[in-house]
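Participant: Given the structure of chain A, go ahead and fit chain B onto it with the hints provided.
There are 2 protein chains.
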Amino acid sequence: MQELKERILTEGKVLPGDIIKVDGFLNHRVDCALMMRIADEFRKYFDIDNVDLLLTAEASGIALTAICAACYGKPMVYAKKAKSDNIEGGLFKSEIFSYTYKKKVTLLAAKDWIQPGTRVLVIDDFLARGEALKGLCDIVNQAGAELVGIGCAIEKGFQGGGDRLRAAGVNLKSLAIIEHAEPGKIVFRDDE
Amino acid sequence: MQELKERILTEGKVLPGDIIKVDGFLNHRVDCALMMRIADEFRKYFDIDNVDLLLTAEASGIALTAICAACYGKPMVYAKKAKSDNIEGGLFKSEIFSYTYKKKVTLLAAKDWIQPGTRVLVIDDFLARGEALKGLCDIVNQAGAELVGIGCAIEKGFQGGGDRLRAAGVNLKSLAIIEHAEPGKIVFRDDE
Numbered sequence: 087m088q089e090l091k092e093r094i095l096t097e098g099k100v101l102p103g104d105i106i107k108v109d110g111f112l113n114h115r116v117d118c119a120l121m122m123r124i125a126d127e128f129r130k131y132f133d134i135d136n137v138d139l140l141l142t143a144e145a146s147g148i149a150l151t152a153i154c155a156a157c158y159g160k161p162m163v164y165a166k167k168a169k170s171d172n173i174e175g176g177l178f179k180s181e182i183f184s185y186t187y188k189k190k191v192t193l194l195a196a197k198d199w200i201q202p203g204t205r206v207l208v209i210d211d212f213l214a215r216g217e218a219l220k221g222l223c224d225i226v227n228q229a230g231a232e233l234v235g236i237g238c239a240i241e242k243g244f245q246g247g248g249d250r251l252r253a254a255g256v257n258l259k260s261l262a263i264i265e266h267a268e269p270g271k272i273v274f275r276d277d278e
Numbered sequence: 087m088q089e090l091k092e093r094i095l096t097e098g099k100v101l102p103g104d105i106i107k108v109d110g111f112l113n114h115r116v117d118c119a120l121m122m123r124i125a126d127e128f129r130k131y132f133d134i135d136n137v138d139l140l141l142t143a144e145a146s147g148i149a150l151t152a153i154c155a156a157c158y159g160k161p162m163v164y165a166k167k168a169k170s171d172n173i174e175g176g177l178f179k180s181e182i183f184s185y186t187y188k189k190k191v192t193l194l195a196a197k198d199w200i201q202p203g204t205r206v207l208v209i210d211d212f213l214a215r216g217e218a219l220k221g222l223c224d225i226v227n228q229a230g231a232e233l234v235g236i237g238c239a240i241e242k243g244f245q246g247g248g249d250r251l252r253a254a255g256v257n258l259k260s261l262a263i264i265e266h267a268e269p270g271k272i273v274f275r276d277d278e
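Protein sequences appear in the order of chains A and B.
For the first sequence, our numbering assigns the number 87 to the initial residue and increments by one for each residue that follows.
For the second sequence, our numbering assigns the number 87 to the initial residue and increments by one for each residue that follows.
What the hints contain is simulated information worked out from the structure, not anything from laboratory work.
Certain hints may be false.
Which copy is meant is left open, so a pair is good if it fits within one copy or across any two.
Straight-line distance between alpha carbons at most 30 angstroms, and here's what the computed DSS-like set of lysine-lysine pairs gives [what the hints assert, rightly or not]: (1) K271 / K197; (2) K160 / K189; (3) K130 / K189; (4) K179 / K190.
Just chain A, with the same shape it has in the complex (with noise of 0.2 angstroms):
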C-alpha cells in the first residue's frame, strides 16, 4: 500500500534492537483516517463478506481492528494479555512471548465469545517474529473457529515471522513489508 509505505519513510523512526517506531500515526497517536484506508486496502485482499468475526490482541491492535470492524459492519474481539478480575469462567489461553516486553505474555479471549466455525479474520498492526499472530490462531484453533486469513499494516519481513506463516499455509496479506532497516534507510519488499 504505497501511502502506507510513504507515511513509515516520512515519519518511521528505526531504533537500536530493530524497532521501527511508527508511533505517529499506527500505535500511539492513530491517523484514523489512514485507519479507514486500510481497512479498505485489506478488502482487496479478503473476501469480507465471508467474515463472521474480526480478532486481535491488545493493546496496539485494537485501534486499527475497531475501524476495520466498524468499516465492515462485524464485530470484534481482542485477546487479552493479562487476567483481570472481569473475565470470568472459561478461557482460550495461549502463551507467547512479547519480545517488546522480553517476558512470556499469556493471551486470553473468553470461549464464550468465539464459537466453533465463526469465521475469523485476524488484524494486527505489526508482524515482526509473529509471536502474538501465533497466539492468535492457536485461540482460532481451539475454538472450533476457521481462520479466514490475517491482515496486517507493517511487516518486518527481516524477521521472518510473515514468512513462517505463509509457510505453514496461512493466507496472510502484509501492507508494507520492510526488508531491511537501519537509521534513515528503510528499504520495502517489492509487491508481487
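Facilitator: Just chain B, lined up with the frame of chain A:
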C-alpha cells in the same frame, strides 16, 4: 442512551466487587455498530467541530475511541499503561490506582503527540472511581492542552468518580449511569 441501557440490562452481569461485566459488547467482544451509534450520540453533547484530538487510555478505551475518531475524522492518542521500549524521549506521566488490577499504574503519553493548545475530547468505555480519567485530565493539563469534555459509555454512578469530576467543573457526559447494581437488578440514574 436507551439502546445502551437496554444492552446493559439484557446482557450485563453484576459480579462480586461491584463489577459490571459487559464484555459481550463493550470491552472484550466489541459490537462495533453500537460503538458507531455511541459516537453519534456523543455528537449531541460535544461540539466535535471544535475538537482536535481524542484521548483515551489503553486498553479497554481504545476500541470505542478509535471508532469515534474515525467517525469524526479526527486523530486519537491512547495513553499507555507501562513503559515499553517503543516509547522514547519526552513523556507526560500520571500515576493512578487501578482498581481492576489493584495496583498503581502510570499512564504515559508522548509529548510529541499532544501539543499545547490542542482541544482534547477524552473518551472512555467505563467510569467508576474515575482514576483513569483523572490521569488523562492530568496529562491534558501537563500538555497545556484544553479539555473540551469527557464522554463515557457507562458510569457507575454509585462509586462517585463521575460526580467528583462534574463538581470540579468538567464537562462530562456518560450515556448510561448505573445508580444501583446487584445480581439480577440494575437501576439507572434518571436522565435530565
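Participant: Each hint needs a verdict: does it hold in this structure or not?
Facilitator: To see whether the hints hold, each was checked on the structure:
{"no.": "1", "hint": "K271 / K197", "verdict": "between (44 angstroms within a copy, 25 angstroms between copies)"}
{"no.": "2", "hint": "K160 / K189", "verdict": "neither (33 angstroms within a copy, 35 angstroms between copies)"}
{"no.": "3", "hint": "K130 / K189", "verdict": "neither (36 angstroms within a copy, 44 angstroms between copies)"}
{"no.": "4", "hint": "K179 / K190", "verdict": "both (13 angstroms within a copy, 26 angstroms between copies)"}
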